[in-house]
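Each residue of the sequence shown is one higher than the last, beginning at 1 in UniProt numbering.
For the record, the hints were derived by calculation from the structure and aren't laboratory data. Take the hints with a grain of salt, since some may be wrong.
Said to hold, decoys possible - Below are the PhoX-like pairs computed for lysine-lysine, each with C-alpha atoms no more than 25 angstroms apart in a straight line:
no.	residue 1	residue 2
1	Lys-76	Lys-49
2	Lys-17	Lys-44
3	Lys-80	Lys-31
4	Lys-78	Lys-45
5	Lys-49	Lys-78
6	Lys-27	Lys-76
7	Lys-140	Lys-76
8	Lys-38	Lys-49
9	Lys-38	Lys-27
10	Lys-45	Lys-139
11	Lys-132	Lys-146
12	Lys-31	Lys-140
13	Lys-45	Lys-103
14	Lys-27	Lys-44
15	Lys-173	Lys-146
16	Lys-139	Lys-76
17	Lys-44	Lys-103
18	Lys-76	Lys-132
19	Lys-80	Lys-49
20	Lys-31	Lys-44
21	Lys-140	Lys-49
22	Lys-49	Lys-132
23	Lys-173	Lys-140
24	Lys-140	Lys-103
25	Lys-132	Lys-27
26	Lys-38	Lys-78
27	Lys-78	Lys-132
28	Lys-31	Lys-45
29	Lys-173	Lys-49
30	Lys-80	Lys-44
31	Lys-44	Lys-78
32	Lys-27	Lys-17
Said to hold, decoys possible - Listed next, with one range per pair, are the computed distances between beta-carbon atoms:
no.	residue 1	residue 2	range
33	Asp-81	Ser-144	37 to 43 angstroms
34	Ala-39	Pro-70	25 to 31 angstroms
35	Ile-122	Ser-144	21 to 27 angstroms
36	Ser-83	Gln-117	18 to 24 angstroms
37	Ser-127	Leu-25	37 to 43 angstroms
38	Cys-99	Val-36	34 to 40 angstroms
39	Arg-129	Val-36	14 to 20 angstroms
40	Gln-73	Ala-43	35 to 41 angstroms
Cβ atoms here follow ideal geometry from the backbone N, Cα and C, with glycine treated the same way.
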Amino acid sequence: MIASRRDSLCMRILRAKYNVRNNWLRKNPPKRASPVWKAIEGAKKLIAKGACYLIGDGTSMDAWIDPWIPWVQGFKPKPKDESIIQNPLMVSQLIDASCRSWKINLLQELFDPTLVQAIIQIQIPLSPRPDKLIWVLDKKGDFSVKSAIRASHDQSPNNAPYIVPWQKLWRLKAPERTKMYCGGQDKMLSPLEKILC
């Protein structure tokens with residue numbers, strides 16, 4: 001994933017060319033980009049649906065903007081009330097560095113009790129390490145095409161499970177062009193499957 005810290009040659013080239021830093025998910029896409037980069041940017045909304053930071057030292061995450069609470073919808077907190085000014089607040093400011101625990105009093109000032117309980121459940125590592133963006137829709141935390149397709153099905157307008165009768169479709173005695181059109185099944189296909197058809 002572009003936003004992860006993977007260090008393959010391809011990732012380094014893409015990060016360098018498009019100036020990708022830690023805030024790629026909230027950065028506006030470049031006006032002129034290659035088709036590959038435009039496709040990656042097009043998947044950003046889907047990636048944001050399952051991307052959440054694993055807390056290390058908390059220095060690279062803005063508590064109001066970045067996704068970091070895995071048990072909350074959207075992974076981002078909301079203030080206790082609207083009067084709280086949402087100035088930049090790094091997650092590291094919510095952590096007591098000496099004993100590596102949450103600053104409960106500060107959490108209670110900023111967030112409602114339910115959110116405070118969700119934050120307290122997040123374990124802080126004993127030794128500080130860099131924050132890491134993970135894919136929560138996978139057990140190992142790694143982004144995969146399979147889990148992305150599963151996530152895209154979840155965000156489709158009709159969440160009803162569907163089964164496309166591919167074998168019957170391909171056995172039809174019809175022109176290949178008709179088969180490739182998917183015979184009117186496009187309502188039941190995911191966006192990725194529509195592209196493939």
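These are the hints, each one checked on the structure:
no.	hint	result
1	Lys-76 x Lys-49	holds, 11 angstroms
2	Lys-17 x Lys-44	holds, 18 angstroms
3	Lys-80 x Lys-31	violated, 38 angstroms
4	Lys-78 x Lys-45	holds, 20 angstroms
5	Lys-49 x Lys-78	holds, 17 angstroms
6	Lys-27 x Lys-76	holds, 17 angstroms
7	Lys-140 x Lys-76	holds, 21 angstroms
8	Lys-38 x Lys-49	holds, 18 angstroms
9	Lys-38 x Lys-27	holds, 14 angstroms
10	Lys-45 x Lys-139	holds, 21 angstroms
11	Lys-132 x Lys-146	holds, 21 angstroms
12	Lys-31 x Lys-140	violated, 34 angstroms
13	Lys-45 x Lys-103	violated, 32 angstroms
14	Lys-27 x Lys-44	holds, 10 angstroms
15	Lys-173 x Lys-146	violated, 31 angstroms
16	Lys-139 x Lys-76	holds, 21 angstroms
17	Lys-44 x Lys-103	violated, 33 angstroms
18	Lys-76 x Lys-132	holds, 16 angstroms
19	Lys-80 x Lys-49	holds, 23 angstroms
20	Lys-31 x Lys-44	holds, 15 angstroms
21	Lys-140 x Lys-49	holds, 17 angstroms
22	Lys-49 x Lys-132	holds, 16 angstroms
23	Lys-173 x Lys-140	violated, 44 angstroms
24	Lys-140 x Lys-103	violated, 29 angstroms
25	Lys-132 x Lys-27	holds, 18 angstroms
26	Lys-38 x Lys-78	violated, 31 angstroms
27	Lys-78 x Lys-132	holds, 22 angstroms
28	Lys-31 x Lys-45	holds, 18 angstroms
29	Lys-173 x Lys-49	violated, 41 angstroms
30	Lys-80 x Lys-44	violated, 29 angstroms
31	Lys-44 x Lys-78	holds, 22 angstroms
32	Lys-27 x Lys-17	holds, 15 angstroms
33	Asp-81 x Ser-144: 37 to 43 angstroms	holds, 40 angstroms
34	Ala-39 x Pro-70: 25 to 31 angstroms	holds, 27 angstroms
35	Ile-122 x Ser-144: 21 to 27 angstroms	holds, 24 angstroms
36	Ser-83 x Gln-117: 18 to 24 angstroms	holds, 22 angstroms
37	Ser-127 x Leu-25: 37 to 43 angstroms	violated, 27 angstroms
38	Cys-99 x Val-36: 34 to 40 angstroms	violated, 46 angstroms
39	Arg-129 x Val-36: 14 to 20 angstroms	violated, 31 angstroms
40	Gln-73 x Ala-43: 35 to 41 angstroms	violated, 21 angstroms
When the structure is compared with the earlier hints, violations turn up for hints 3, 12, 13, 15, 17, 23, 24, 26, 29, 30, 37, 38, 39 and 40 and for no others.
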